[in-house]
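So the protein lines, in turn, are chains D and B. Sequential numbering of the first sequence, starting at -15, is according to this note's numbering. Sequential numbering of the second sequence, starting at -15, is according to this note's numbering.
Accuracy of the hints is not assured; some may be wrong.
Repeated chains share a single entry, so a pair holds when one copy, or any two copies, can fit it.
What the hints assert, rightly or not - Once the Cα atoms are required to be at most 30 Å apart in a straight line, the calculated DSS-like pairs of lysine-lysine come out as: (1) Lys44 to Lys6; (2) Lys238 to Lys208; (3) Lys245 to Lys26; (4) Lys8 to Lys44.
Simulated from the structure, these hints should not be mistaken for laboratory data.
Number of protein chains: 2
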Amino acid sequence: MFNNLTIVGVGLISGSFALLAKEKGFAKHVIGVSRTKASEQKALDLGIIDEALPLEEAVKKADLIYVAIPVDATIPVMKQIMDIVTDRQVVADAGSTKFALCRALEDHPMRNRFVATHPMWGTEYSGPEAAVRDAFAGRACVICEKEKSDPAAVKAMENIYRELGMHIVYMDPEPHDVHAAYVSHISHITSFALANTVLEKEREEDAIFELAGGGFESTVRLAKSSPAMWAPIFMQNRENVLDVLNEHISQLRKFKACLEKENMDYLYELMENANKIRRIIK
Amino acid sequence: MFNNLTIVGVGLISGSFALLAKEKGFAKHVIGVSRTKASEQKALDLGIIDEALPLEEAVKKADLIYVAIPVDATIPVMKQIMDIVTDRQVVADAGSTKFALCRALEDHPMRNRFVATHPMWGTEYSGPEAAVRDAFAGRACVICEKEKSDPAAVKAMENIYRELGMHIVYMDPEPHDVHAAYVSHISHITSFALANTVLEKEREEDAIFELAGGGFESTVRLAKSSPAMWAPIFMQNRENVLDVLNEHISQLRKFKACLEKENMDYLYELMENANKIRRIIK
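Next comes chain D alone, as it looks inside the complex (with noise of 0.2 Å):
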């Protein structure tokens, strides 16, 4: 239970976060920071947050710190927060990216406030309207050198993202940078990349939007999501998201090959092989 929680930022993620630990009474007054006065008020507004103020402000109020902007933003407001915070509270963020913060973070005297969380869920919206009361349950919250935060700071944040239906899974900044690329960042490029491929080769938009079914719906949705939040993302993964990249284009142009000699057996091999996937995504 912390009295005070202080959102920094006030999107999705926080917005869901902070609607969620006050209606399971894990927050009774939520502070909001953000960059924006549009923002802050629609966060009032939705009653996502009951005051906004400034950082610093915000911070030396609150019990717990939950920072969600984006990946290139959260260092340096990190670090402003990380020398101001006291043995009394907690921090954490809900990053995308692990690597850069936490090396970023890893001779800071107050490094055991701080709870490096990745909570893997997320809409291809944002702002605080985005901000939904079933957000988190049933998806994975991972959690990066947990040896290096205080035990009882690491416990809370663990209680809190169960009590949203999560589970918890600890792996290294590095591996899950890793990771990270395989099973969201990747599926982010290809969306967009897909919706550029039809937007540029396809001139009659009535054509797609009267004949578009609900594959192409779900494999071009994410390209809705925010540049602000994802390109610092690929920015700062870009060393693992370029690996993935790249294998992906090589897939692709098997396909492209098949297509073009005409190979129906290897069409249908590549094919085989990826309904394999039928075992990992029930």
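Since the structure of chain D is already known, use the hints to place chain B on it.
For chain B alone, kept in the frame of chain D given last:
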């Protein structure tokens, strides 16, 4: 209203069509034609068909013959059907490609008994057990070469599809195949290739299983689709699919170049352009 409906193929599309046609009162008795005894039996057990017969008998007994089998098998099977069909019968197919079939049947003396349809609905599952009663609704159904079909036959098919919640779009076979490549076939290829990418690179399958969120599932779910159904579609529509696939690979290479050169501005530009898909996919 058809007394006897014969479905050729007893799978996702034909099975859903049969269930709904009966429920909505468009057919009294459903006859199934299948290559395998196992599928026949399953379709009987599931109440999708009332009777299983060999093709010729099933066609002769039918008022409406609805063909939904892999598109490479459709052409020879459809020729067999058209050779025995009479003026009192209607034949329709549900295939995802239209050009090759319409071309194959264009000079058939009974061409006007045939209605070329493509209900733009599906799931990643196949076989009679995949048939569902909430199929088709809210999607487009393309009818090709309407003018070559008997007007009453077209009207009968339109009535059924409309009753199932679809809206009708008229299109020539050639543009149909182009559009289908953009809004359906490429989504399946990217999904198959993405599954292979992840299966190839990510050896620790438990990590995928544990971490995969909704975004991964949504971009990769089509990789569970049947190769027997989709390989012939890609091959029959290979020129259009290759066009779109080449464009898609070049769009992915743009993302790759951004990451390699750490060009954040161009990365933003690509992603903001992709966001325009919001106009099309709500």
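Do the hints match the structure? See the list:
1. Lys44 to Lys6: within (20 Å within a copy, 67 Å between copies)
2. Lys238 to Lys208: both (28 Å within a copy, 18 Å between copies)
3. Lys245 to Lys26: Result: close neither inside a copy nor across copies, 56 Å intra and 37 Å inter.
4. Lys8 to Lys44: within (24 Å within a copy, 65 Å between copies)
Hint check: a violation occurs at hint 3 only; the rest are consistent with the structure.
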